[in-house]
Amino acid sequence: MAIFIDTKSVQKAVTDSCHFVPCEIDFNGEAKVEDFFCKTITPSATDGDDMTAFFRGRPLNGSEITLPDGYTGLVLREPHKRSTEDEDRTLTATHKFNNFTYWNLDKQTTPDDLIQKALQWVDISSALHKPVSLESSPESSQGSVKGQ
Amino acid sequence: MPRLSQGKRNSSHDDKTKSQDDKTKSQDVKKESQNGKRRSQTGKVPVQNQGPKDNWIFIINNEVVNTDCVEGDLQPSLCKLRHPRLDTGVMYLLSANCLRVFEVNCYKEKYRSWFIGNTVHSEGGLYMTSSVDPLFLVLQYMVSTYKKSSQFRTLDQIVCDEDFPDCHKLISCCSQDQLSLIADWKDIDDNLQVYRYSQEKTLCWLKSKTMAVANVLEQKKISVDVKGSHSAIFVRSKSASVSRDAYMEYAHGLISDYLSAALEKELRKYLDLPEVSVPASPAASQTENEPPNKKAKLSTEVTPTDDYSRNIDLKKDKSKGGKLSIAQKKLSKVDKTGMKSISSFFSPKS
Chain V
1 MAIFIDTKSV QKAVTDSCHF VPCEIDFNGE AKVEDFFCKT ITPSATDGDD MTAFFRGRPL
61 NGSEITLPDG YTGLVLREPH KRSTEDEDRT LTATHKFNNF TYWNLDKQTT PDDLIQKALQ
121 WVDISSALHK PVSLESSPES SQGSVKGQ
Chain C
1 MPRLSQGKRN SSHDDKTKSQ DDKTKSQDVK KESQNGKRRS QTGKVPVQNQ GPKDNWIFII
61 NNEVVNTDCV EGDLQPSLCK LRHPRLDTGV MYLLSANCLR VFEVNCYKEK YRSWFIGNTV
121 HSEGGLYMTS SVDPLFLVLQ YMVSTYKKSS QFRTLDQIVC DEDFPDCHKL ISCCSQDQLS
181 LIADWKDIDD NLQVYRYSQE KTLCWLKSKT MAVANVLEQK KISVDVKGSH SAIFVRSKSA
241 SVSRDAYMEY AHGLISDYLS AALEKELRKY LDLPEVSVPA SPAASQTENE PPNKKAKLST
301 EVTPTDDYSR NIDLKKDKSK GGKLSIAQKK LSKVDKTGMK SISSFFSPKS
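Quick mapping for you: the protein sequence lines, in order, are chains V and C. For the first sequence, the UniProt record's numbering assigns the number 148 to the last residue and increments by one with no breaks. For the second sequence, the UniProt record's numbering assigns the number 350 to the last residue and increments by one with no breaks.
Bound-form chain V, shown alone (with noise of 0.2 Å):
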């Protein structure tokens, strides 16, 4: 059994505004996002970069975060459940982004937050598994006799 990406709907699928925010709601579907929540945004008066907002009266803080180069932010469901469970399963892509807008609760968004520390691991995992070039190899290993 394999998941397939449908690589077609990734060219079909449409950019909007993405807001990733800090509660947890039990709703899938339709919402007036546009008309209650990104009314409220207003850029923070003291860093241009941060912004600030109101979801239930609840005080946010935000900033736009860009994905890293290379990367494609995509929205996949799946279309057809399947009837069995060694049936190959297949994702559609439904959105597209390449930034969105990360909210904390009432609280400044910092390095240390969750996201950010996933987007530091594409620097090091690209590093970790960079392909080892045949060249460079030698040279170390010369270097770990002298070491040793």
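Just so you know, not all the hints are guaranteed correct.
Claimed, not checked - Computed list of lysine-lysine pairs in DSS-like fashion (alpha-carbon distance at most 30 Å, straight line):
{"id": "1", "chain 1": "V", "residue 1": "Lys81", "chain 2": "C", "residue 2": "Lys110"}
{"id": "2", "chain 1": "V", "residue 1": "Lys12", "chain 2": "V", "residue 2": "Lys32"}
{"id": "3", "chain 1": "V", "residue 1": "Lys8", "chain 2": "V", "residue 2": "Lys39"}
{"id": "4", "chain 1": "C", "residue 1": "Lys220", "chain 2": "C", "residue 2": "Lys147"}
{"id": "5", "chain 1": "C", "residue 1": "Lys186", "chain 2": "V", "residue 2": "Lys130"}
{"id": "6", "chain 1": "C", "residue 1": "Lys147", "chain 2": "V", "residue 2": "Lys107"}
{"id": "7", "chain 1": "V", "residue 1": "Lys130", "chain 2": "C", "residue 2": "Lys330"}
{"id": "8", "chain 1": "V", "residue 1": "Lys107", "chain 2": "C", "residue 2": "Lys186"}
{"id": "9", "chain 1": "C", "residue 1": "Lys333", "chain 2": "V", "residue 2": "Lys130"}
{"id": "10", "chain 1": "C", "residue 1": "Lys265", "chain 2": "C", "residue 2": "Lys147"}
{"id": "11", "chain 1": "C", "residue 1": "Lys269", "chain 2": "C", "residue 2": "Lys221"}
{"id": "12", "chain 1": "C", "residue 1": "Lys323", "chain 2": "V", "residue 2": "Lys130"}
{"id": "13", "chain 1": "V", "residue 1": "Lys130", "chain 2": "C", "residue 2": "Lys329"}
Claimed, not checked - Residues from chain C that keep clear of chain V, each with C-beta distances beyond 10 Å, as calculated:
{"id": "14", "residue": "Asn55"}
{"id": "15", "residue": "Pro76"}
{"id": "16", "residue": "Glu103"}
{"id": "17", "residue": "Glu109"}
{"id": "18", "residue": "Lys110"}
{"id": "19", "residue": "Tyr111"}
{"id": "20", "residue": "Arg112"}
{"id": "21", "residue": "Leu126"}
{"id": "22", "residue": "Ser130"}
{"id": "23", "residue": "Asp133"}
{"id": "24", "residue": "Phe152"}
{"id": "25", "residue": "Cys167"}
{"id": "26", "residue": "Tyr197"}
{"id": "27", "residue": "Lys209"}
{"id": "28", "residue": "Ser343"}
Bear in mind the hints are in silico, worked out from the structure with no lab data behind them. This one's a predicted model, so the numbers in the text were calculated from it and none came from an experiment. Here a beta-carbon is modelled for each residue, glycine too, at the ideal position from N, C-alpha and C.
Please arrange chain C on chain V, whose structure you already have, making use of the hints.
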């Protein structure tokens, strides 16, 4: 560890999760490396019970999804492969041409949802895909084959796993050049090579990796202080004094998440890193890198600041040995020989 939506590490990050999630490990789950450094948890791809409304927010490398070439039905796919550290099945993302492998880390917090346009998505996880060096996934098969016999074998004889049939897709991910970094090889003919695991080459290869990771950690000034909690806001100023060894140690921990426990130990020896010591005593763990003593005080004296029971003790102490009034002092100097204590008149007669 992670499957796309399940619920997973270890790494909440959790780590790395993960888990990040768990990952939560991510975070929840992947094993957090011994120093608790891995922040994320890897998420699992949800396998069952999702309703039709389920959505997943993925962050995917453009190379995977922007393939203009529509060669037949080839699509990028999520497959279960054996994780080299956990030795269990974990979801990986393979590009359509099966040349690149990506791991899927789920970053999930308890209270998170998405607003996308004018819709609400209650699934508050973020599935981050990042490239994985396929050699890490092939290495475990190299080692296990070598343990059975020291003969040279072809790659499809080596990478073969009844539990995870998709593992054959890994074969096309690895070039001969890359494989020669972890194995001895021979040409049978132009199209057929045979391989045998080489621990020496592998350690050398892992050393280059560790140094590369340590370099990035250093450049990005990522906090590698594992001895206490840290905050980006307060810790920055002292990060300059972090030693190269600390970065190497941390990098070794990150890489160990992709190695078997045995290989992790070998690598530690090879890099001349100190053995993992038993958690040091609070006093010993106070290196020059620690901020001034605040933390130590907290850890030795964990009592609440408002402790009413202590006040009671103080009062008692006062009545016993505290200050005495002048009259009491005079009385205490009086010669008491031959006098009975007044309380003896009220005790039951024996």
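We went through each hint and held it up to the structure:
1. V:Lys81 x C:Lys110: Status holds; Cα separation ~27 Å.
2. V:Lys12 x V:Lys32: holds, 24 Å
3. V:Lys8 x V:Lys39: violated, 34 Å
4. C:Lys220 x C:Lys147: Between Lys220 of chain C and Lys147 of chain C the Cα gap is close to 40 Å, so the pair fails against 30 Å, i.e. violated.
5. C:Lys186 x V:Lys130: holds, 25 Å
6. C:Lys147 x V:Lys107: Violated: Lys147 of chain C and Lys107 of chain V sit about 54 Å apart, past 30 Å.
7. V:Lys130 x C:Lys330: The given pair, whose Cα atoms are some 87 Å apart, is violated under the 30 Å limit.
8. V:Lys107 x C:Lys186: Given pair Lys107 of chain V, Lys186 of chain C is violated - Cα atoms ~60 Å apart, limit 30 Å.
9. C:Lys333 x V:Lys130: violated, 87 Å
10. C:Lys265 x C:Lys147: holds, 17 Å
11. C:Lys269 x C:Lys221: holds, 26 Å
12. C:Lys323 x V:Lys130: violated, 75 Å
13. V:Lys130 x C:Lys329: violated, 83 Å
14. Asn55: violated, 5 Å
15. Pro76: violated, 5 Å
16. Glu103: violated, 8 Å
17. Glu109: violated, 6 Å
18. Lys110: violated, 7 Å
19. Tyr111: Incorrect as stated: the minimum Cβ-Cβ distance to chain V is 5 Å, not above 10 Å.
20. Arg112: Not fine: 6 Å to the nearest Cβ puts Arg112 of chain C too close to chain V.
21. Leu126: Non-interface label on Leu126 of chain C violated, nearest chain V Cβ at 6 Å vs cutoff 10 Å.
22. Ser130: It is violated; Ser130 of chain C is separated from chain V by about 4 Å at its closest Cβ, not greater than 10 Å.
23. Asp133: violated, 4 Å
24. Phe152: Holds: least Cβ distance 20 Å, greater than 10 Å.
25. Cys167: holds, 12 Å
26. Tyr197: holds, 16 Å
27. Lys209: Nearest chain V Cβ is 6 Å from Lys209 of chain C, so the label is violated.
28. Ser343: holds, 63 Å
Of the numbered hints stated above, those contradicted by the structure are hints 3, 4, 6, 7, 8, 9, 12, 13, 14, 15, 16, 17, 18, 19, 20, 21, 22, 23 and 27, listed in ascending order.
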